[in-house]
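Peer 1: Okay, here's what each chain looks like letter by letter:
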Amino acid sequence: MILHTVNKSPARSNCLKSCLRIAPHGGALMLIEDGVYASVNNTKHSQLIVDALTRMQVFVLEPDIKARGLSGLLIPGVSLVGYPGFVELTQTYDTVQSWY
Amino acid sequence: MKYTLAIYGAPYSSQAPQTALSFAKSLLESGHSIYRLFFYMDGVHNASAIAVPPQDEVNIPAEWSALIRKYDLDAVVCIAAALRRGIIDKTEAERYEVSAHNFAEGFTLSGLGQLVDAGIASDRLITFGP
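Chain order of the listed sequences is U and L. Counting from 1, position 38 in the first sequence corresponds to residue 38 in my numbering; the numbering is continuous, with no gaps. Counting from 1, position 24 in the second sequence corresponds to residue 1024 in my numbering; the numbering is continuous, with no gaps.
Bound-form chain U, shown alone (with noise of 0.2 Å):
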């Protein structure tokens, strides 16, 4: 199965929507960078993840969060990770497609 990293905001680019129509079910999401503003909830672009989120896992770099100042204001049901995590991930899906 495939782990997406997607790492530009969804206001920004398509890279986010390309990505979904694409990712099949069992697959996992894994926002980074820019990328994690689509975990914020309430706003325009949330619906993609909570959309996103009865399909597949949803994880967001907690350190790109914290810089941005969004802890505590994410959609309920992604989940947090650090590199440490991001490297576990890596590792447990077979392979790791770059959407940017």
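Think of the hints as simulated: they come from the structure by calculation, not from any bench. Think of the CB as a built atom: it goes at the ideal place given N, C-alpha and C, for glycine as much as any other residue. Treat the hints with care, since some could be wrong.
[What the hints assert, rightly or not] Computed Cβ-Cβ distance ranges for the label pairs, DEER-style:
| id | chain 1 | residue 1 | chain 2 | residue 2 | range |
| --- | --- | --- | --- | --- | --- |
| 1 | L | Val1058 | U | Gly72 | 44 to 52 Å |
| 2 | L | Glu1029 | U | Asn42 | 35 to 43 Å |
| 3 | U | Arg12 | L | Ala1051 | 25 to 33 Å |
| 4 | U | Glu88 | L | Asn1102 | 20 to 28 Å |
| 5 | U | Val81 | L | Val1058 | 16 to 24 Å |
| 6 | U | Asn42 | L | Gly1086 | 42 to 50 Å |
| 7 | U | Gln91 | L | Val1116 | 31 to 39 Å |
[To be verified] Derived coverage of chain L by chain U (criterion: at least 3 residues anywhere in the stretch with Cβ under 8 Å from a Cβ of chain U; other residues may be distant):
| id | segment |
| --- | --- |
| 8 | 1016-1025 |
| 9 | 1034-1045 |
[Unchecked claim] Example chain L residues on the side facing chain U (calculated, C-beta under 10 Å, incomplete):
| id | residue |
| --- | --- |
| 10 | Ala1006 |
| 11 | Gly1009 |
| 12 | Ala1010 |
| 13 | Tyr1012 |
| 14 | Glu1029 |
Starting from the known structure of chain U, fit chain L onto it as the hints suggest.
Peer 2: This is chain L only, laid out in the frame that chain U set:
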């Protein structure tokens, strides 16, 4: 597990080098290995020896050099991407008769074939896009 990290973003204009550095440190600390670091497109600017950021900022090219030295890593910079952006080592500077060179210690100039090889030889290839 053997990892290859492909870095496509330049320091100070993209977060990719910082993410890749933190990822590399984390995986090396957890006992995994890096088969190759591959710097491509604007990522070649990570191999500049003459970047001088303010003292209270992270010197990303220097951080790479230190990591490469500490773990004896293979760090390849795409030669075609580097030369057109003015990242050049002594040998190439002499070949093209340009007046200076700026290639940081620990890196190697080579071709895109090294990325293909790394993709085959590594368990994981992780791309850090710009």
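Peer 1: Quick check: which numbered hints come out false for this structure?
Peer 2: Checked against the structure, the hints that fail are numbers 1, 4, 7, 9, 12, 13, while the rest are satisfied.
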